[in-house]
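**Q** In the numbering used here, the protein residues as written are 30 to 202.
Don't take every hint at face value.
Straight-line Cα separation of at most 16 Å, EDC-like style, residue types lysine to aspartate or glutamate; simulated pairs [as the list claims (entries may be wrong)]:
(1) K100 <-> E75
(2) K125 <-> E146
(3) K100 <-> E116
(4) K100 <-> D138
(5) K137 <-> E116
(6) K100 <-> E83
Computed Cβ-Cβ distance ranges for the label pairs, DEER-style [claimed, not checked]:
(7) Y63 <-> F133: 39 to 45 Å
(8) E149 <-> K67: 30 to 36 Å
(9) Q190 <-> Y63: 30 to 36 Å
(10) G66 <-> G128: 25 to 31 Å
(11) L131 <-> W197: 18 to 24 Å
(12) L163 <-> F69: 29 to 35 Å
(13) G150 <-> F82: 16 to 22 Å
(14) E149 <-> G128: 20 to 26 Å
(15) A129 <-> L55: 17 to 23 Å
No lab work stands behind these hints: they were computed from the structure.
For every residue, glycine included, the Cβ atom is placed at its ideal position computed from N, Cα and C.
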Amino acid sequence: MKRSLTSAALAAGLILSGEAMASPMLWQNNSLTYLYGKNFAVDAGEIQQTITFEHASGWTWGDMFLFVDNKWYNGISGSDGHTYYGEFSPRLSLGKISGADLSFGPVKDVLISATYERGEGRNRNYLLGPAVDLAIPGFDRFALNTYYREPDGITGKPGGQWQLTPTWAITIR
């Protein structure tokens, strides 16, 4: 299953990257965040500095989200006091690519979602599954992504896990 999921994620990524080059971007939102603190639940007691880059964009074929965290530990942790982690999550809209209206009830669109997670060292995960965009009053957007999660096998973590990831945006006035 791992090999077929990895192959499917790679194929989807190649298809989407080619499509992204040929299709216009409809919207985008980027952010750069700096966080400084200590006594976090993870790595408690260490002073941490984190810079996060986030990008979200909508395309004629669907949408994508990515982020990268660069984290520095002042004075102690790790071999060099630095680590990183990032995720790349494209979603292929079945309604947009087929030209069909797939909406029903609160469902606005049906999508295929994928995520590649990468951390320092051998930390890699591949996620693939169905998603829906929902019309919920008060939300600018609301999505439910269902993933079959497959670690790369070298971290020793069990494979074959399911994950539900909700995402949303609300304008605060």
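**Q** Regarding the pair K100 and E116, is the alpha-carbon distance no greater than 16 Å?
**A** holds (15 Å)
**Q** Given a hint of 25 to 31 Å, does the C-beta separation of G66 and G128 actually sit inside it?
**A** violated (48 Å)
**Q** Can you let me know if the beta-carbon spacing of G150 and F82 is within 16 to 22 Å?
**A** holds (21 Å)
**Q** Does the Cβ distance between E149 and K67 fall inside 30 to 36 Å?
**A** violated (21 Å)
**Q** Regarding the pair K100 and D138, is the alpha-carbon distance no greater than 16 Å?
**A** violated (36 Å)
**Q** Quickly compare the C-alpha distance for K100 and E83 to 16 Å and report which way the hint goes.
**A** holds (15 Å)
**Q** Under the criterion that the straight-line Cα-Cα distance not exceed 16 Å, is the pair K125, E146 satisfied?
**A** Given pair K125, E146 is violated - Cα atoms ~26 Å apart, limit 16 Å.
**Q** Between Q190 and Y63, does the C-beta distance stay in 30 to 36 Å?
**A** holds (33 Å)
**Q** Are the Cα positions of K137 and E116 separated by 16 Å at most?
**A** violated (25 Å)
**Q** CB of E149 to CB of G128, is that within 20 to 26 Å?
**A** At roughly 42 Å between Cβ atoms, G128 and E149 fall outside 20 to 26 Å, so the hint is violated.
**Q** Take the C-beta atom of L131 and the C-beta atom of W197, compute their distance, and say whether it sits inside 18 to 24 Å.
**A** holds (20 Å)
**Q** So does Y63 sit 39 to 45 Å from F133, Cβ to Cβ?
**A** Given range 39 to 45 Å: holds, Cβ gap about 43 Å.
Going through the hint list in order, the structure does not satisfy hints 2, 4, 5, 8, 10 and 14.
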